[in-house]
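S.K.: So the chains spell out like this:
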Amino acid sequence: MTFTKQSPWQKTLSYAALIILTIVVLGPFLIGLWTSFLPTMDIAKGNFFSTALSFNNYISAFTKTPILRYLGNSLLISTVTMFAQLFFCSMAAYAFVFLKFKFRNLLFGLFLVTMMLPFEAEIIPNFQTVKSLGLLNGYGVMIIPFLTSAFGVFMLRQSFKQMPAELKEAADIEGLNHFQFYGKIVLPYNRISLLTLAAYSFLGSWNEYLWPMLTTFSNNFRPIQNGLRQLQSEETFNDWGMIQASAAIVVIPTLIVLFVGQHYFKSGMNEGAVK
Amino acid sequence: MFVTKSIYEVIYVSIVLENVSKRFDNDPETLTDISAEIQTGEFFVIVGPSGSGKSTLLRMIAGLGSISGGEIKINGRVVNDLAPKDRKLSMVFQSYALYPFLNVWNNVAFGLNARKIAKVDINDRVAKALDMVGLTEFKDRKPRELSGGQRQRVALARAVADDSNICLMDEPLSNLDAQLRIKMRQEIYNLQRKLGLTLIYVTHDQVEAMTMADHIMVLNDRLVQQIGTPSEIYQEPANEFVAQFFGTPQINLLPAVKTAGSQTSLDITADFALNLNQSIPATEVKVGIRPNDLTITDSSELNANAVVDNIEYLGDETIVYATLNSGSAVRVLVAGQANFRSYQPVQIGANGKVMLFDSKGQRLHLAKEAMSYA
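Those protein sequence lines, which keep their order, are chains D and L. Heads up: the first sequence is residues 1 to 275, going by our numbering. Heads up: the second sequence is residues 276 to 649, going by our numbering.
In case anyone wonders, no lab produced these hints; they're calculated from the structure. Note that CB positions come from ideal geometry on N, CA and C, so glycine has one too. Check the hints yourself; a few may be wrong.
[What the hints assert, rightly or not] Using C-beta positions, here's what the derived DEER-type ranges look like: (1) P188(D) x D300(L): 30 to 38 Å; (2) P188(D) x G590(L): 45 to 53 Å; (3) N294(L) x H263(D): 23 to 31 Å.
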């Protein structure tokens, strides 16, 4: 990239454009956050510039609704899904890169094919399957279909393939078996890709909506996104302030994952392996 | 160095290659009929141009590539089907192959840890190895915080910390700049001598081969061209390829015919004849003369047998590039600063050692060393 010196005019223009875009993108988010501190009466009246800010909505969200239960459900489901995907995808990717077996490329092609169908298109057969397995309305139904992902395998395979071949050869000479090489070299070497996949699968699972809606019917297992919807539909008088507060709470894990992730997604971590 | 071995093993040959060949799928053979004996404790250099199969051969010794034909023996044991780790050797890669997420200490200790050696032993070995390459104070750094030469030293330390007496190196210096290369060359040589390592070193650089090796194997065109000590290779090259590969500037190879009516005289051109100290066994030969065995003198246009093309002044010597009247290019090495200029007519002669090659490029075996006198 080349950086050419901008005239003050150009600078002003580009910053103005950036600021406008920022407002467009962040606006709804900020309005949501702002209203979560307002009393519902003010929101209903459209009195958005009220000064009666308080944490009351948050307190009532935690005390009057099962939101904690929803959060716990989601946390459990997302964490298990994340670790399962890391484990299975990295193992599968390892096999596709470092093991030689018949039909390896054909099999990988089949993996890719599954990525070409959107999940929504597979919902009916999937639903039939989990129903026959008797998994409906439980944690299992929200975890088991997502234990692994073709995208994760694909992403990690690309990452593993880019490892210098000499590392494998050096490991062979030093006498590492496959599990040692996988655990001691491949995983640490590709930790950035693994972290990316972890963030991706955690957030994917956290934001899952359609599938839990179809397969869960009780508050005991309902994850947070569906819980929010439930809150809204259960209340005869919609307590918008509280719903906004719940929505703000729901976003927190996403923000944490992204901020923590950002720290690790620095390039140059693997510099110095070769050359 | 860390393991006691029987006297038998120490004294005798470490590695034997017997008619080794390599063929990749659907390709013509990459290596044919490679045979060699590598003595315990010697510095053995495999040298050849790119694509000559030298790295392939090294990888076969290491066990990283399969052997298509022949046998490789290490310490008296056929290792053709043995996994790399069971061959008890260490290897230094051109690209170093360091683990970027481990610090220097753990990089060196890595292989030892994987083999479940006692912790005390590991600490001892790693400390010694780092001390030997002078990296003790860098032990907590990551590879990315080291310079190229330091990374290279970590790779060396890793090979040294290993208890195997055989070390393979695949062009370990080719990523370093010229100055550092000379320094590391000496360090590797000293390390090898100090530890009595049996070292097989692959390079494309004839200078590295000449300066470090006890024995050199010259590979080209799938075949071993010659195996010998550096001086044998330089003084008595087996064929034209070896003669051309070693020595800078390159040897002059000039076609010549036996002068009619003489047994000891050769004509390179009508006006450039060589008088040898013995009879010549073939009528058509190629004469190899090192640039420092040619003489060059200023001459009138009438007596000249060559014209100067250009001159490279190297400080204490000068290379003069000239074209003989027959059209062949020659290189002449002159001591000091020679006063020649382009297009100057000169008289070129040979006064010293010459080599004769037959029409197939093989060295002609003569009764005694061939000398030419003016």
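S.K.: So which hints don't hold here, by number, going up?
M.R.: Of the numbered hints given earlier, the structure breaks just one, which is hint 3.
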